[in-house]
Amino acid sequence: MSPTLTDAGVAASDPSDGLAVLEQRSSAAETFGIPLAVLAELTHRCPLQCPYCSNPVELERGGSELTTEEWKKVLTELAEIGVLQIHFSGGEPTARKDLVELVQHASDVGLYSNLITSAVLLSREKLAALAEAGLCHVQISFQGNEPVVADRVAGLKNAHEKKIEVAKWTRELDLPLTVNAVMHRQNLHQLPDIIQMAVDLDADRLEVANVQYYGWALKNRAALMPTLEQIEETSRIVEEAEARLKGILAIDYVVPDYYALRPKKCMGGWGRQFFNISPSGKILPCHAAETITGLEFLSVRSNHSIAWIWQNSEAFNRYRGTGWMPEPCKSCEFREIDFGGCRCQAFALTGDAGNTDPACTLSPLHEQIFKLAEQEAASDNRRFIYRNFAGGTLETGGDHGA
Amino acid sequence: MAGLRSRNISVDEASRPVLPRHAKLRFDETRQVWVILAPERVLAPDEIAVEVLQLCDGVRSVAAMIDQLAEKYTADRAAIATDVIAMLQDLADKGFLTEARERTS
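Chains P and D are the protein sequences, given in the same order.
Its first residue numbered 19, the first sequence is counted upward by one per residue in our numbering.
Its first residue numbered 11, the second sequence is counted upward by one per residue in our numbering.
Keep in mind that a hint or two might mislead.
DSS-like cross-link-like pairs, simulated, lysine-lysine; straight-line CA separation at most 25 Å [said to hold, decoys possible]:
| id | chain 1 | residue 1 | chain 2 | residue 2 |
| --- | --- | --- | --- | --- |
| 1 | P | LYS91 | D | LYS34 |
| 2 | P | LYS90 | D | LYS34 |
| 3 | P | LYS264 | D | LYS34 |
Please keep in mind that the hints were generated in silico from the structure rather than gathered at the bench.
Remember, it's a predicted structure, so these values are computed and weren't measured experimentally.
Working from the sequences, and respecting the hints, build out all of it.
Right, here's the structure in full:
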């Protein structure tokens, strides 16, 4: 899962090359235009148990998932209203037996399709069938550069080895590959090796994504939070690699916002350029939005169209734009740069999603939270709470949760 | 390590560039603009870039493209060549163009 997923504005736009980054335009009428890309979380089932999983702590059960026909109808509707790209994600999207059919349908209605996968359930035949169905891009998550760390984080034996194998098949089938590496205190020392692994796998892109702390990751913050020294070292390594690998490997880097001065422009702003669809069909402003209590998220199974839900539902309009903002956001010169940061993080850390994201130095809670993060990183508690349908299981010695 | 990548191409008049599988040139009916769809991004090429990209079919050489454009716009061939090669190289460096593969089978 990628926190940078919808930030379509990362590509350099050099006026001489005739390319501009297509983003939502700035006028009020166009701001809430239909997003260019949508994340479809096909299922919350997953053979991995990563302690930073971006799925909600309350996972949706298999029985509530949209059917094949419902997803196909959704894909058709998305294409009709102007969505251009669909990211098939989860949970583990390949746990759905109908994935090839859904990719084929996306191709038939003209959607650019991206598979965001842990790869451990894929066979070469299945991957070839997905390519044949028109899959445009594959993103594989890695938990480290070697099995000892990686399999422990994933909570699944032999996961790393399998991922390497599938990454090789991906390139053999001439599918473009992004390596997504989720980074935290217990694997940041592997970053140079992970970068080399991405080069060796002939990946096109590498996402160095520091864990974002809500949901499962917040439960595991003490075990995952990097130290300030690690973050400084990481930035240096990424910068060096970007220069050395120009034209060979594109690197997208997500800084952990606990150590930033300004909050991230989360999701490009609430309800501005992104929504995702949960396994049971709920339309959400971000994949963590359900952690905020008191908001009602409508489903594709309701009587409303997807476009109506995007434009008119109360949950999308609650934190749209800048009108909802209290101080210090309200009068802040950066209010349309970062839109007050992350609503889910504000809720998780302050109890009110309408507060300024404490990642911002202007938040009255920033200092306290930064100190807490530092303390947690220094205490070096390494035990994970693994993600599962039982609400999480604490790691016990040597079993690697697997 | 460099030279590892066949898709990292150097454009000259003999090149036969084509969009790689992960980059799709498409007209977006909703927004009434041409777009290139690529992993994690959507780009809006301008009119000239669109015209050049439409000629990139993996069969036509860059020389042939230049001839065609010079004729269409009754422009100086050398000037067109410089502009077209620069633009294609830029696109190639960003990963939106690759060299057509030799078919061995």
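Results for each hint:
no. : hint                   : result
1   : LYS91(P) <-> LYS34(D)  : holds, 23 Å
2   : LYS90(P) <-> LYS34(D)  : holds, 22 Å
3   : LYS264(P) <-> LYS34(D) : holds, 22 Å
Checked against the numbered hints given earlier, the structure satisfies every one of them.
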